[in-house]
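Student: Could you fit the two chains together into a complex? Lean on the hints.
For reference, the chains in residue letters:
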Amino acid sequence: MFKKLRKVKELPLIIVLVVISIFIAIVNPSFLTVENFLDLLKSNLVLAMMALGMLLILLTGGIDVSAASVITAVNVILGQTLMHVTQNILFAIVVACAAGIIMGLINGLLISMLKIPPIVATLGTMSMILGIVLYTTNGNWITGIPQNFIDFGRIVILPRTLADGRVIGIPIQVVFLIPIIVLTWFVLRHTVIGRGIYAMGGNIESAERMGFKTKRIIIFVYSLEGFIIGLSAVAHTSIMRQVDPNAFLGFEMQVIAAVVLGGASTLGGYGSVLGTLIGVSIFSVINNGMILMRIPTFWQKIAVGLIIISSISVDMIQKQKEEKMKVCVDVEGEELYAV
Amino acid sequence: MATPLIEIDHISKFFPGVKALQDVSFSIETGEIHALIGENGAGKSTLIKILSGIYQPEPGGIIRMEGEQLSHLDPLTSLHHGIVVIYQDFSLFPNLSVLENITLGRFVKRGRKLVDYKEMRKVASKSLEQLGVEIDLDTSLGDLSVARQQLVAIARALANNAKLLILDEPTSSLSSSEVDKLFEIMRSLKSRGISLLFISHKLDELFAISDRFSILRDGRYIGTYGENELDDDQLIALMVGRQINYTIYPKRYLDDPLLEVQHLTKKGNYKDINFTLHKGEILGITGLVGAGRTEVVKSIFGLNSSDEGSILFEGKEITIKNPTDAMTSGIAFIPENRLSEGLVLRKSMRENLALTILESLSNSFGLIDQSEREKIVKEWVARLEIRPDNPDLLAAKLSGGNQQRVVIAKWLATEPKILIVDEPTNGIDVGAKAEIHKLLRSLAETGLGVIVVSSELPEILSICDRVVVMRRGRVTADLHCEGLNQEDIMSKAI
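Which chain is which? The protein sequence lines are A and B, in order.
Under the numbering used here, residues 1 to 339 are what the first sequence spells out, in order.
Under the numbering used here, residues 1001 to 1494 are what the second sequence spells out, in order.
Bound conformation, chain B alone (with noise of 0.2 Å):
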């Protein structure tokens, strides 16, 4: 057998907390387009990274190429390499011409003082010959189509001798038939020789190019299968099982309406979302990274206005322009990335308990009344049995659990009676997840209605009563989670 193009060899990489990948080996073949398929947090970008050698792999990894082994790739070797990733933004210059896009890096790369035109124009139209596409050379990039764009890039790849093309959801931001002309090229690619490998959520598009898929689940590798090995199901089985073990909370029916989102639309953000929100449940919402979840709930908090539909709480429709009407309507919401969003790590805990009630806690003076302040701190200090108990103490201080219930008592202080949270687990530890899961399963036992944005299939079976899954900006399935199983859900997902 021929030597692969590449080989990964027991590669890993840890962050602090984090096994993003464990002892993943697999090869890409020369002449290949090979697929890289896993859930959000697999560890596929992880894996990207080490290729185009923004990370290093811990020790003990190997990459090889043609047999030989890249020690220390850093990201100018690796392009050297012909290690050429396309990212969903292509890096590419909107105020620079098309024959500059293409070119420039070849100059760079070779540590040339002079740009030479000719040279220039030579080299970019045998890539795009090579494409087999005709686009203008002195057109201005920004004046391109999304999908010419990436045909730029793909272009600059060549032009820099690329022997493995990254696609990273390249066809995420393209129409039908652009995506059928994206297709034809990746084709003609890998007859020339080069290998590609793509990473989409698209199951049909990953059955109609790949010649083989690797699986990547929690940073671990599943195996590589031929494009007749597989049908959907397999495939979709292989991705889910996380094996993590929660706490699976009984799943309740509740049936008083507290929230209802009616045919809420936005261009470019989702169509036609409907759900129901009761009160006392966790809902969740699921689906890809870029399914549109974030931005739904980002409307209804009134960070990201819809262009149609209504949203109805307790029954009568509610006009949600900014947060302030939204908090005046009783909806709190947690941000995703809760450090750099949800708190003021310089500032103490006491102040940000109090933050997002300062109205109600200031006199007609606008002064702040201490002594009541002290008093509502420590009582959600207590509530949220937050460690250490010290109001005094920085937000920094604390441990990324603790830093979360002082999130959750921030918004909790002024008494909602729908909490959203998006994440609310990413970036902690297993022990701390179980304790948030716990927390917010005995706020919604108190009548709160939660809404639960989580990627994490376990985390939404272990919590939720019910789950509304999101796909490509709509919703594709509203389910009860009693007797529910991660195939089920991923299958409406993908």
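Extracted from the complex, chain A is given alone in its bound form (with noise of 0.2 Å):
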């Protein structure tokens, strides 16, 4: 199913949507309605942004599983820069995006310098981090962020008023999504650099002969997830209005079942930032769905095992059949396409 949608590239995906949509506000009303629209778009804002950043890992044939780590990392590190060093918005957020490069750029050095495969790679940063974070936290959750922050986590745009006097409009944290969209969508789009991730996906050895660094390419990607993840922990920490070290236990998983419900291959090559906004959509629908029809939160995690091993599989099982379907031998007076 996943490899037809990808040959129709995004219609089908936004058709799953919208079915999931009609039958969840069949069952629920409550669904279409403006004020939970928002709920959803300010809760599913990180997933999103993260998704964007793992849809470049998994389009090189990548992966990354350090990526919750590093958010919590950068949370961290943000919620101490603004009680211990300073108040100033815009500095905290260079250092969060400087902290999410570095730990991105250390994971592409070991993949491409080393070539330590990504998912070892990644689970190994992944322990450290994690490992240095608790060192640190004694997981605990971190309060008392300056009140100038809390106030712009809390700023709405185009607000309007409701009958029983609360403010709803769209969040702030939308001004770092955005961004975040056209970005990606520009690199991979636009640049010769963002060809070249695609490139390297579809075929490594053609793309190094043609001329593509694919060790830079490599080293790139993960720095530029690492800059959306530094992004993404800002517009994180902004809504939560403190940091919880264990917030995004497993979140990786959801993020890697976004991007392949948008119809990505974990084989690389496949994928693109609309069908990555679209597979975000349908998986925070399905979940909002479970939680207005008061499906126990265990489903989702079965949910997204589920997710991920059948879009592997297959990926997996298309490349045995293009396998056994290649012709070894020119057999002589033998049909060559009528397969």
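Hints are computed from structural coordinates only; laboratory data are not their basis.
One or more of the hints may lead you astray.
[Said to hold, decoys possible] The calculated EDC-like cross-link candidates involving lysine to aspartate or glutamate, where the alpha carbons are at most 20 Å apart (straight line), are:
{"hint": "1", "chain 1": "A", "residue 1": "9", "chain 2": "B", "residue 2": "1032"}
{"hint": "2", "chain 1": "B", "residue 1": "1375", "chain 2": "B", "residue 2": "1351"}
{"hint": "3", "chain 1": "B", "residue 1": "1190", "chain 2": "B", "residue 2": "1007"}
{"hint": "4", "chain 1": "B", "residue 1": "1113", "chain 2": "A", "residue 2": "208"}
{"hint": "5", "chain 1": "B", "residue 1": "1109", "chain 2": "A", "residue 2": "322"}
{"hint": "6", "chain 1": "A", "residue 1": "215", "chain 2": "B", "residue 2": "1074"}
{"hint": "7", "chain 1": "A", "residue 1": "321", "chain 2": "B", "residue 2": "1307"}
{"hint": "8", "chain 1": "B", "residue 1": "1049", "chain 2": "A", "residue 2": "205"}
{"hint": "9", "chain 1": "B", "residue 1": "1267", "chain 2": "A", "residue 2": "208"}
{"hint": "10", "chain 1": "B", "residue 1": "1375", "chain 2": "B", "residue 2": "1415"}
{"hint": "11", "chain 1": "B", "residue 1": "1109", "chain 2": "A", "residue 2": "208"}
{"hint": "12", "chain 1": "B", "residue 1": "1202", "chain 2": "B", "residue 2": "1233"}
{"hint": "13", "chain 1": "B", "residue 1": "1190", "chain 2": "B", "residue 2": "1178"}
{"hint": "14", "chain 1": "A", "residue 1": "213", "chain 2": "B", "residue 2": "1074"}
{"hint": "15", "chain 1": "A", "residue 1": "319", "chain 2": "B", "residue 2": "1143"}
{"hint": "16", "chain 1": "A", "residue 1": "319", "chain 2": "B", "residue 2": "1089"}
{"hint": "17", "chain 1": "B", "residue 1": "1190", "chain 2": "B", "residue 2": "1218"}
{"hint": "18", "chain 1": "A", "residue 1": "9", "chain 2": "B", "residue 2": "1204"}
{"hint": "19", "chain 1": "B", "residue 1": "1267", "chain 2": "A", "residue 2": "322"}
{"hint": "20", "chain 1": "B", "residue 1": "1049", "chain 2": "A", "residue 2": "208"}
{"hint": "21", "chain 1": "A", "residue 1": "321", "chain 2": "B", "residue 2": "1143"}
{"hint": "22", "chain 1": "B", "residue 1": "1163", "chain 2": "B", "residue 2": "1129"}
{"hint": "23", "chain 1": "B", "residue 1": "1181", "chain 2": "B", "residue 2": "1129"}
{"hint": "24", "chain 1": "B", "residue 1": "1492", "chain 2": "B", "residue 2": "1143"}
{"hint": "25", "chain 1": "B", "residue 1": "1163", "chain 2": "B", "residue 2": "1066"}
{"hint": "26", "chain 1": "B", "residue 1": "1417", "chain 2": "B", "residue 2": "1255"}
{"hint": "27", "chain 1": "A", "residue 1": "321", "chain 2": "B", "residue 2": "1089"}
{"hint": "28", "chain 1": "A", "residue 1": "9", "chain 2": "B", "residue 2": "1143"}
Tutor: Quick look at the structure:
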């Protein structure tokens, strides 16, 4: 199924999203309210940003399971910076991004220079980062984020006052999401290195033969993902107003699941920004629907696992089929493309 | 006379133990279709890799382009000079559009940072127009047929301003009408002043399209001939005739069938294969690379299940679904790349030797009988004269010939009735080759049936009693080796 979706690009994904939404709306009409929509946006914005970062990685044929630990670490660094160094929000954002980039760079260097398989390299950095986070925080929440940052996080764009006096509007955090969408789209679509990301995901040998510096591309994508995670941490902390070192446990799986739901292949080369955003939407709508329908949350985890495994299975089965179809010998008197 | 496009001047390339190219010199004119011909291992691929900058020639060899010396060719500078190789796998990107497959390389080559889709479209449509083909630029490449993918690869070469287009067996996955279309395109490229270096094993195609032929044999340049200067037989005679002095063993006539292969067929591999191996016989299977030889023997050993046909062992039909079935029936197989597939290099000679017989050595608790293993290992080390005769030695430390002996011993320890060896002497020196020949021959004399898959005709003529020749997935000849010469075999293989 996923392969087909991939071929006709994103349209079928949109249909899936609409059908699920209609289904949930019928069961629970409160799904279709503006309020619920804004809640959905706010609570899945970080997932969307991280998914775009992960898309870059998956496109090269890599994977980053350290993403959740990186955002946790950046959250801690951000919280400490705001509390003990400066209350300047802009400065804090720069620190967060730099921290993300450094951690991404380490992943990128391990993978490109030492040729450690991405899953192994990022599992290693994940464990190390989590260890350091635990050491510095003792697993305790960081509270006492300065008021100016909390106020910043509460800003809404186009505010509307509801009948009961509450004010709703588009959360300020979209100012992080939208540039990231534009940035990843621009990089992937309009830069030579972006097309190189696709090229090396499709056929790494040919990409090198063509002159792409694949090592540089790997370092670039992991650093860019680190930058995106840095911004995601700012968005997250401004929403939550405190830092919970355990908030992102297992979150990397949700991120990966959302990206593959959006049509990306774990073998590299396939996936798009639009598809990923739709994948995130489907993922969050299903989650939201489960909550609205009072389905226990452990089903979520099961669903995430199923999505990842079934998507990878489809990729692998497809690959095996292609290998079987490969003609080894040009047999005389045999129609070549009868199959 | 005009300066030729490419002059290959005294080019040699040596690898450890192998002289892949020795003092090759010839030139390719502007706007000609030049065929490069030779047996497997004659040095064609090495020459292509030198032209495309993957290999560096030995000092003293020079490549000139339009009179100017090209020094230190690497893959990118070679591309810069307009030397484009279209490999059999095309090196394309299945996940990208036709548009990008054609033009992306230009952007990389020029060090551009941004992609200009308008410019891409212009360039891509121009190259497709030059080829006279219409392909939707926005289609994903993976959705195209192989023939159309090949056209995209050629269009990409044009977008890279190719001056010399090297086509490595371009017709091997095309239907006959697609071949005609390709030839038409090759001729139109030629009329635009582009030179083509064309590699193929199909004589009719070579004669249909080429202006001149250059022939390599054993890494040496034999000559360049115009299209009217040669006929099929002369061409074959020039290709073969490697002068290697192996012992010619007496050719025997044996008639006790051991293995009979009947109508064996597998789609995309081989069709209607029939042959018989007799007790004590050495049967050669030869043909060009890609003729389906290895595919057939892998099927006999259960590594490549066939679609149709039957295999008879001592007159009884047997079913072989996997290597275990084959080994139970008494068939042993030594694959082509003995180093990567036949030995565990980081284990001792002892462990390697006993690998195939672990089950028969183990008792009911699954533990290995050490003293029995020691006995068998000693026996085989002595019988095959493996040197040094220390079973503790790591397999990696042995010489090539002795490694081959360990692999053979390992399989002989299973007490097979049939031994299949694929290219048994590939990459080892002449002395070691002769010893392997002697060994195989003495094994056959004990009643073992041996199948030797080999591209090296002198080897086949040295040790085999009979030879089966394959071409494009079919058996074209089943000959007794008495009085046979290399031309007889090659004329059936090509």
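Student: Decide, hint by hint, whether the structure agrees.
Tutor: Hint check:
no.: 1; hint: A:9 x B:1032; in the structure: violated (44 Å)
no.: 2; hint: B:1375 x B:1351; in the structure: holds (13 Å)
no.: 3; hint: B:1190 x B:1007; in the structure: holds (18 Å)
no.: 4; hint: B:1113 x A:208; in the structure: holds (17 Å)
no.: 5; hint: B:1109 x A:322; in the structure: violated (31 Å)
no.: 6; hint: A:215 x B:1074; in the structure: holds (19 Å)
no.: 7; hint: A:321 x B:1307; in the structure: holds (17 Å)
no.: 8; hint: B:1049 x A:205; in the structure: holds (15 Å)
no.: 9; hint: B:1267 x A:208; in the structure: violated (33 Å)
no.: 10; hint: B:1375 x B:1415; in the structure: holds (15 Å)
no.: 11; hint: B:1109 x A:208; in the structure: holds (12 Å)
no.: 12; hint: B:1202 x B:1233; in the structure: holds (13 Å)
no.: 13; hint: B:1190 x B:1178; in the structure: holds (18 Å)
no.: 14; hint: A:213 x B:1074; in the structure: holds (15 Å)
no.: 15; hint: A:319 x B:1143; in the structure: holds (15 Å)
no.: 16; hint: A:319 x B:1089; in the structure: holds (16 Å)
no.: 17; hint: B:1190 x B:1218; in the structure: violated (30 Å)
no.: 18; hint: A:9 x B:1204; in the structure: violated (44 Å)
no.: 19; hint: B:1267 x A:322; in the structure: holds (15 Å)
no.: 20; hint: B:1049 x A:208; in the structure: holds (16 Å)
no.: 21; hint: A:321 x B:1143; in the structure: holds (15 Å)
no.: 22; hint: B:1163 x B:1129; in the structure: holds (18 Å)
no.: 23; hint: B:1181 x B:1129; in the structure: holds (15 Å)
no.: 24; hint: B:1492 x B:1143; in the structure: violated (37 Å)
no.: 25; hint: B:1163 x B:1066; in the structure: holds (10 Å)
no.: 26; hint: B:1417 x B:1255; in the structure: holds (16 Å)
no.: 27; hint: A:321 x B:1089; in the structure: holds (18 Å)
no.: 28; hint: A:9 x B:1143; in the structure: holds (14 Å)
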